[in-house]
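Trainee: Below are the chains, spelled out letter by letter.
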Amino acid sequence: MEEGKTILLVDDDSDYLFQLDHNIKKFGFQTISAESQKEAEEILKTTKPDLAIFDLMMENDDSGFILCYKARQKYPDMPIIIATAVASETGISFDLHSESERKWIKADLYLEKGIRPDQLHREINKLLKI
Amino acid sequence: MEKLTVLVVDDEAGIRSGIERILRKFSVDYPFMDNVIGYNIESAPTGEEAISFINNNQTDIVLLDNKLPGIQGNDVLEYINQKQYDTYVIMITSHASLEVAVKATKNGAYDFVPKPFTPQELKAALENLTRHIFLKRMTSQLNKEGKQIRFQFLSVMSHELKAPINAIEGYIKMMQNREFGNKMDEYDEIITRLKKRTESMRGLIMDMLDLTQIESGKKKRELAKTDIVKIANSAIDMMKPFAIQKDVMIHLHGNDELKMQADPDELEIILNNLISNAIKYNKQGGKVDCNIRANKGFATITVSDTGIGMNKTEQAKLFNEFVRIKNEKTKNISGSGLGLSIVKKLVDMYNGDINVCSKPEEGSSFTVILPAYTNTGEEASNKK
Chain U
127 MEEGKTILLV DDDSDYLFQL DHNIKKFGFQ TISAESQKEA EEILKTTKPD LAIFDLMMEN
187 DDSGFILCYK ARQKYPDMPI IIATAVASET GISFDLHSES ERKWIKADLY LEKGIRPDQL
247 HREINKLLKI
Chain E
86 MEKLTVLVVD DEAGIRSGIE RILRKFSVDY PFMDNVIGYN IESAPTGEEA ISFINNNQTD
146 IVLLDNKLPG IQGNDVLEYI NQKQYDTYVI MITSHASLEV AVKATKNGAY DFVPKPFTPQ
206 ELKAALENLT RHIFLKRMTS QLNKEGKQIR FQFLSVMSHE LKAPINAIEG YIKMMQNREF
266 GNKMDEYDEI ITRLKKRTES MRGLIMDMLD LTQIESGKKK RELAKTDIVK IANSAIDMMK
326 PFAIQKDVMI HLHGNDELKM QADPDELEII LNNLISNAIK YNKQGGKVDC NIRANKGFAT
386 ITVSDTGIGM NKTEQAKLFN EFVRIKNEKT KNISGSGLGL SIVKKLVDMY NGDINVCSKP
446 EEGSSFTVIL PAYTNTGEEA SNKK
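Respectively, the protein sequence lines represent chains U and E.
Residue 150 in this note's numbering is what sits at position 24 of the first sequence, and the numbering runs on without skipping anything.
Residue 157 in this note's numbering is what sits at position 72 of the second sequence, and the numbering runs on without skipping anything.
Treat the hints with care, since some could be wrong.
[Stated by the list, open to error] Pulled from the structure, derived: some chain U residues nowhere near chain E, Cβ distances all over 12 Å: (1) GLN145; (2) ILE169; (3) LEU235; (4) TYR236; (5) ARG242; (6) ARG248.
[To be verified] Below, a sample of chain U positions facing chain E; criterion: calculated Cβ distance under 10 Å: (7) PHE153; (8) GLN156; (9) LYS174; (10) TYR201.
No lab work stands behind these hints, which were simulated from the structure alone.
The model shown is predicted, which means the values in this text are computed figures rather than measured ones.
From the three backbone atoms N, C-alpha and C, an ideal C-beta is built for every residue, glycine too.
From just these sequences and the hints, can you work out the full model?
Mentor: Structure, rendered in structure tokens:
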């Protein structure tokens, strides 16, 4: 069932991207990787993934949000996860503007980067309704 | 109960009274707050009346409709910014387009509530802002008390430290699970990456120590007659292995000696940072020119490279903490994002100045100007 589903992974930390890619392939999905907002925008022009995982801070502090907005316009039904290394539960955000932006550019899910692979797998399945 | 003054600006009387009804009994509290915070609600039907109210009353929050009969919501926002009032604006607008939202937030609006909104949405926006105001007040209070707690700094720092820790942890888990089999050779690449990430974390921590020492003023400054040229020479020597790796030539020009009243450690940090950046962001086979000369009672240090350069937008944010210019060209260059903010802080301590000149693809040139109180040559003799 998972076969044939493609997930777009975007992160400018090549190590994190490598690990994420490895884990997600192990779940049985196909992956497309991009290391920047720009690269991801190019991919989205021609390809519709079944789900996308965006890092928040890349070339710009709000790259993830911009990608989220652009992807939503083109593929309104594609689920989006924003992954960030900032603990959302501390209530202290590194950039308070993004807190407010968070409210009007809605990703389907915000994830902490340290999340366990099995948790991530569960969340992806939930969003893909598998 | 502490109360924040909220000014509701909307030309529709129904909306004004509606918001008042929603907020009259609303209050915000948190486990870590001593006080419960409530709201005094005031209202104004036009932008002009709003401005006159804000001018005469301490206003904490403005709920601002964008479409008004006279001047527009965005004009009121601009006015508040110009006056630098301690007032936060939440924009309310029926045109919930991204453009209006982006424009308003760019102009300094804190948040954005699209019309029509539910009482819950309005309360959530207000709760969010109240928490922000509270944290800000608490921070400034703590700063006043001399406690160097900087929420923003700490949270950015935790982000910068968490990224490498996540990467390192991820690789360790992969090794633990024998993801690539039982042969050690298969893990060589991962080990190289692990070393790289731990090294860059070490660099970040060292820079952070420099910065906190400078900021807390704990580091004892030992001002003495110090030769900048000598320090530049030792900085160049230190960077040589790194320069050879990148095939970058470093040249030192200018005075043979330039003495000024300074702390040698501080000058060393300045020069090390500028020269290592000039190598780091250079092209393979490029060059670095370091020019040190006395000029009308000032010591001028210029470090130029033939590297990747920066555009205007990138140059503008260069001296802020944790700013790393992220683009295709820099993605494989590691750094803490603290170096130049450290340099800037040190230069400020000497009442000096630092500026940058840069062109993408051609290179950057950083100039530090320090008032040289004791000098060689004519400046010193002029002083007599």
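Trainee: All hints, please: hold or fail.
Mentor: These are the hints, each one checked on the structure:
The claim that GLN145/U lies off the interface is violated: its Cβ sits roughly 4 Å from the closest Cβ of chain E, which falls inside the 12 Å cut-off. A cut-off of 12 Å between C-beta atoms confirms that ILE169/U is not in contact with chain E; the least separation is 15 Å. Every C-beta of chain E lies more than 12 Å from that of LEU235/U, the closest at about 18 Å, which supports listing it as non-interface. The Cβ of TYR236/U lies farther than 12 Å from every Cβ of chain E, with a closest approach of about 14 Å, so its non-interface assignment holds.
A beta-carbon of chain E comes within 12 Å of the beta-carbon of ARG242/U; the shortest separation is about 9 Å. Remark: the non-interface label on ARG248/U is consistent with the geometry, its nearest Cβ contact in chain E lying 17 Å away (cut-off 12 Å). Taking 10 Å as the C-beta contact cut-off toward chain E, the hint placing PHE153/U at the interface is violated, the least distance being around 13 Å. With a cut of 10 Å, the hint placing GLN156/U at the interface with chain E is violated, because the nearest CB-to-CB distance is about 19 Å.
Because the closest C-beta pair between LYS174/U and chain E is about 22 Å apart, greater than 10 Å, the hint is violated. Hint status for TYR201/U relative to chain E: violated, with the closest Cβ pair at about 17 Å, above 10 Å.
Checked against the numbered hints given earlier, this structure breaks hints 1, 5, 7, 8, 9, 10; the rest are met.
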